[in-house]
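**Student:** The task is simple: from the sequences and hints, build the whole structure.
If you're matching them up, the sequences are chains B and E in order.
Take any residue in the first sequence, note its place counting from 1, add 26, and you have its number in this note's numbering.
Take any residue in the second sequence, note its place counting from 1, add 26, and you have its number in this note's numbering.
Treat each hint with caution, since some may be false.
Note that the list lumps identical chains together, so a pair holds whenever it fits in one copy or between two copies.
Dumping the calculated SDA-like pairs for lysine to any residue here, alpha-carbon to alpha-carbon at most 20 Å [claimed, not checked]:
#1 Lys297 - Gly258
#2 Lys321 - Arg208
#3 Lys197 - Thr209
#4 Lys118 - Ile317
Worth flagging that the hints you see were computed from the coordinates, not collected in a lab.
The lines below spell out each chain.
Number of protein chains: 2
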Amino acid sequence: MSKPYVLGIDIGGTNTVFGIVDARGHVVASDSIKTQKHADFDSYISELHAEVMRLLKANDAENEIQGIGIGAPNANYYTGEIQNTPNLPWGKGIVPIAERVSREFGGIPVAVTNDANAAALGEMTYGAARGMKDFIMITLGTGVGSGIVVNGQLVYGHDGFAGELGHVIMKRNNGRVCGCGRTGCLEAYCSATGVARTAREFLELRSDPSTLRNLDVELITSKDVYDAAIAGDKLAKEIFEYTATILGEALADMVAFSSPQAIILFGGLAKSGDLLLKPLRETFEKSLFPIFRGKTKIILSELKESDAAVLGASALGWEAKFRTETPAAQFASAPSAAAEEV
Amino acid sequence: MSKPYVLGIDIGGTNTVFGIVDARGHVVASDSIKTQKHADFDSYISELHAEVMRLLKANDAENEIQGIGIGAPNANYYTGEIQNTPNLPWGKGIVPIAERVSREFGGIPVAVTNDANAAALGEMTYGAARGMKDFIMITLGTGVGSGIVVNGQLVYGHDGFAGELGHVIMKRNNGRVCGCGRTGCLEAYCSATGVARTAREFLELRSDPSTLRNLDVELITSKDVYDAAIAGDKLAKEIFEYTATILGEALADMVAFSSPQAIILFGGLAKSGDLLLKPLRETFEKSLFPIFRGKTKIILSELKESDAAVLGASALGWEAKFRTETPAAQFASAPSAAAEEV
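**Tutor:** Shown next as structure tokens:
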């Protein structure tokens, strides 16, 4: 009989969250460590292993883990590596995370992918996309990420990096500078930071009154804009409409690609309710190529935000196939000293 | 043993071309009928059946056909129907082409898809995409079509209409009116008609000399622009550069979606050589999200243009699964009189 649990590990720039997940998508137990504390990969892996083992033991699950799924920025499903990730302290160069984690955990199969792909898998396995074979997951956080499912399979592309829909170009002239070094990317407009940038632009270029003018313009966040809009501020509402228009046009172009049954939104901005969703759905529907109209739903994630990252990563654990050939030790309580990966 | 041939049928607004194809992609024999001659679907099917039977008999292939693949505008793989196609004389409403053709041909399995998807399948089965699991086919003809392959499978989407990349929006302000009723579509710029429109715009807005000014501006074709550019006309060359720039930006966005190993160009404009390809590859490479740079090739179709449509359609025949439940007659020499589909 296959083992009843998978382990989901979500590696973020600040924290690494991990949890034991059962087949129904219930997070049995979870905990976290500080990613930022470790400049060195060995030291990071050492603490991760120790803390995960502690959690497994506390839940009598040391021998009940079928696979480990890891979500991390720039993680490549095909190679099992994290590749050139400046926002992880040990993320420069090529980090063979799947092999190393598998070895530390006695040869358990491990699979990795990036955070947005993990979110899409989580949604398909446990959330709003259950039963869907074609959908697109859009994560609206600090950046804009995406995970695309076609024919029931995650789209990885020939190199493992498919699904960078936050970086399609929405403004081909005078577009905003994006973190990727180009200009006009969707992410520069429709992320939380994009909304804050729009607020600063609107406040500078316009003269109509707004409660946002009471704040330090350089420190305005998307949350400030949301609060002002909810309180009825006209300019703040228009910031959401502007964001929704660009996002709606972008999503309509995505439909021309894969004609998904649904586009699922996740992340902070997705929780803005009708402030975003109403103008978004209007622009989206109007912008669609005629044969696609009225067919693709825009819906919200059904995963609890606190669990979503771990659930998404864990979903990958059920199908994990990568196994190290040379496990360090069967559930050793301390990590191996081998450090050739770093 | 499975039968050695498939039948490929390419239904165009003017002609319907059909051919007997073997497993190596050799067109054993082919012929055509005039689509335009038939205002009525029954009469069309009747002539198609008679002429295909004649070709099969002449090649001793009546009992050697494993499946029939059909490429047609707005043809839906899932339903086997042609849906609302004004440019086929009998194409209004829903035409259950797969069922009807299977019935006429004694129950042989039939599969249908649109022309660009068929081109992608042809390229994957017999052409430049052999061995590729992730690629995008772009057809640059009167319009711009696309067929997308992900994980070795054609992307049909939830409704069978995925892959309308000619209708992603490239100009969000003051874009050209497109045949689809919206503005700014890729097709309005990078099709043969788009090139001719660019020529008319350039000639009207600019005053520099060009041999194109010797032609009736309303009748200029992309072929005229090509001939002028080849002869060294500066304005004509700039028309190709303009076209290539928009196409290169569009293709770069497509890579952010599925990260294909190659983008394969097919159709009249694709034969413009370096006039198009050189500036296209430059813009493409420059426009890519950094992690995709240097990885995706832009290449030309390897199928002979005269055979490509039939080959593409035929490729679908090998995997055709749709069979009518009630074949009209085993290879009847005249089509059934039943006409409930029309």
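**Student:** All hints, please: hold or fail.
**Tutor:** Each hint tested on the structure:
1. Lys297 - Gly258: Answer is within: at 17 Å inside a copy they meet the 20 Å cutoff, but 57 Å across does not.
2. Lys321 - Arg208: between (33 Å within a copy, 18 Å between copies)
3. Lys197 - Thr209: Result: close both inside a copy and across copies, 8 Å intra and 15 Å inter.
4. Lys118 - Ile317: This pair counts as between: shortest inter-copy Cα distance 14 Å, intra-copy 45 Å.
Going down the numbered hints, you'll see the structure goes against none, and every one checks out.
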